[in-house]
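**Student:** Here are the chains, one letter per residue:
2 protein chains.
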Amino acid sequence: MATVVSLEGKRKVPGLEPLLALCADDMARVDREILARMRSPVALIPELAQHLVSAGGKRLRPLLTVAAARLCGYPADDDRHIRLATCVEFIHSATLLHDDVVDVSVLRRGKPTANSVWGDKASVLVGDFLFTRAFELMVDVGALDILGVLSRASSTIAEGEVLQLVTQRDISTPEATYLEVIKAKTARLFAASAEVGAMVAGRNGAERVALESFGMNLGIAFQLVDDALDYAGREAQLGKSIGDDFREGKITLPVILAFLRGGAVDREFWKRTIQALDQQPADLARAQCLMERHNAVGDTFERARHYGAMARDALGLFGDSALKDALLEAVDFAIDRAH
Amino acid sequence: MATVVSLEGKRKVPGLEPLLALCADDMARVDREILARMRSPVALIPELAQHLVSAGGKRLRPLLTVAAARLCGYPADDDRHIRLATCVEFIHSATLLHDDVVDVSVLRRGKPTANSVWGDKASVLVGDFLFTRAFELMVDVGALDILGVLSRASSTIAEGEVLQLVTQRDISTPEATYLEVIKAKTARLFAASAEVGAMVAGRNGAERVALESFGMNLGIAFQLVDDALDYAGREAQLGKSIGDDFREGKITLPVILAFLRGGAVDREFWKRTIQALDQQPADLARAQCLMERHNAVGDTFERARHYGAMARDALGLFGDSALKDALLEAVDFAIDRAH
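Residue numbers (this note's numbering), protein chains in the order written: chain X, 17 to 355; chain F, 17 to 355.
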């Protein structure tokens, strides 16, 4: 039972710390494995990859893998879960590198993106390298069923990226399509990260299904909150600038809801700013004002809470433990962060 | 014995036709598998992939896979070699898509490149999709040892691409480094394509080693000839313009040899044109003239013949057959094409 109510009845701010503390040994091993596996005689590869991997990300995906494996009783002296965790981080890093090229991003987590430092070419090619290195790692682990899960997840991510590119700046994108995109782009890898943790521990029945569902719902909630925070968060805490999505004309749920709920004048505004990318300095403030009026950001958080609730319930079949509590708190953190 | 001397003693022009004819059924199945596997609800994916796959490439890599499998007695009614052949074509296609983005290429085999039609973003993402789809296919085939070979080959290609990017326009690149790059970028996938053909047929001993060596040496020869033809070929036959590599400042063996063999004035010319990319209209003709003087193109062909000879000898342990003759003729074709 993860409770976010402290003894004094005062609401405690949920955090990732308990999960990170319980998985500290494993995550230190993941760090070492990451450094070992990005070695290459071609110096640019570790240099660029290190920039990305050490950029202060939360390493949520590998954390899910090792936590899921431990929750399923994976033995402490084995290390296949470490390699799988490294593998999901590499897949994630590869997609980040390519994403930043495609989105022409200059900042990620408050630091210059790899493409802004080394150029697009290097980012594309080192991304490819990390992708293929991830597959080498999976093959090392030697389990075909796990390879199947991770290769299908990678393929889904790539398909989702193309889908997002195609639907980009189409203001009439339905919420269902947006959900498909974030499931494919973000949640699928969360799901696979947790699922392979169960698999490597030999729990291929209900626990595997439960952890996949946990990861999927957590991933959806996580992305919804990310998209909400782009209009509502505080810059310093986010490590990215507010309004990035707006300036890039990204179709996220806050925009979709504000468009659907707005009248003709509002819709003209969204068409001009998001679809035609014809923006004036005051437009971001107006966008936030329209979202406020229609509770578009608030309801995006509300949707996130729905998926968060499903993630929490997915863990119901596991017995009480500090690790389970920490995973439940991680769900709350995903939703409440930077609030 | 593949003879390239016809009965009248007149030199016959070697071709790929005998190999294509012997593998026609398999290659038709590969075509169908390619189309089936690039299906996606995201229309841009099959559209862009089809543009590339149907661009009239020779499909040398999948041809190597099915031919190697058949040479090793792979049963006619099985189809894992078809999936592996599709897989190597997808890996190759993915790298082409990313290569053309990195090289800012507008033409490939005489047709507009995907990036010039759909843009860099689509090419990067559909390339990722093909990569991941290739891994899904491998997992389908279900052999971990084959997965190991293909994932290591993919990783080597990616590493080679980065190495090429780093050494790009460094006029003092040694021949050894150039060889490393073309082994990694081109020959490794040729080698893996042939090797997995032996593996899927269950020939993991000398035949596997022989076919890997055949593919590796054929791949090196193939790339050397490609690089020579960029200064010596005829535009219509190549389907690409003469001098592309020169205009891009690519360090290929003809340039390396001309630089090493030239005096101070020559070296200034190569530094200006290739390293600083400061080119005048007449510079390509002068480059060709300097290469002629030092026999740089001729000796690049000579190097290719050396690797071709090794490729031919690698097949020595296989008994005589029409298929073996056709593979030997393919080596001659790789060297003599467009001459």
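These aren't lab readings, by the way, just hints derived from the structure by calculation. You may find that some hints are simply not true.
Remember, identical chains collapse to one label, so a pair may be satisfied in a single copy or spanning two.
To be verified - DSSO-like cross-link-like pairs, simulated, lysine-lysine; straight-line CA separation at most 30 Å:
hint	residue 1	residue 2
1	Lys127	Lys340
2	Lys137	Lys287
3	Lys199	Lys340
4	Lys287	Lys74
5	Lys266	Lys137
6	Lys127	Lys137
7	Lys266	Lys340
8	Lys28	Lys137
9	Lys287	Lys266
**Student:** Please go over all the hints and tell whether each is borne out by the structure.
**Tutor:** Outcome of the hint check:
Proximity of lysine 127 to lysine 340 under the C-alpha cut-off of 30 Å is found in neither arrangement, the shortest distances being 33 Å within a copy and 57 Å between copies. With identical chains, the CA atoms of lysine 137 and lysine 287 are at most 30 Å apart between copies only, with a shortest distance of 23 Å across copies and 33 Å within one. In the homo-oligomer, the alpha carbons of lysine 199 and lysine 340 lie at most 30 Å apart inside one protomer (24 Å), although the nearest pairing across protomers, at 49 Å, exceeds that limit. When the C-alpha separation of lysine 287 and lysine 74 is checked against a cutoff of 30 Å, the pair qualifies neither within a copy, at 35 Å, nor between copies, at 46 Å.
Taking the shortest Cα distances, lysine 266 and lysine 137 sit within 30 Å of each other both inside one copy (24 Å) and across copies (15 Å). Proximity of lysine 127 to lysine 137 under the C-alpha cut-off of 30 Å is found in both arrangements, the shortest distances being 19 Å within a copy and 22 Å between copies. In this assembly of identical chains, lysine 266 and lysine 340 lie within 30 Å of each other by CA distance neither inside one copy nor across copies; the values are 35 Å within and 56 Å between. In the homo-oligomer, the alpha carbons of lysine 28 and lysine 137 never lie at most 30 Å apart, since the shortest distance is 46 Å inside one protomer and 43 Å across protomers.
For a Cα distance limit of 30 Å, the shortest separation of lysine 287 from lysine 266 inside one copy, 12 Å, qualifies, whereas the shortest one across copies, 45 Å, does not.
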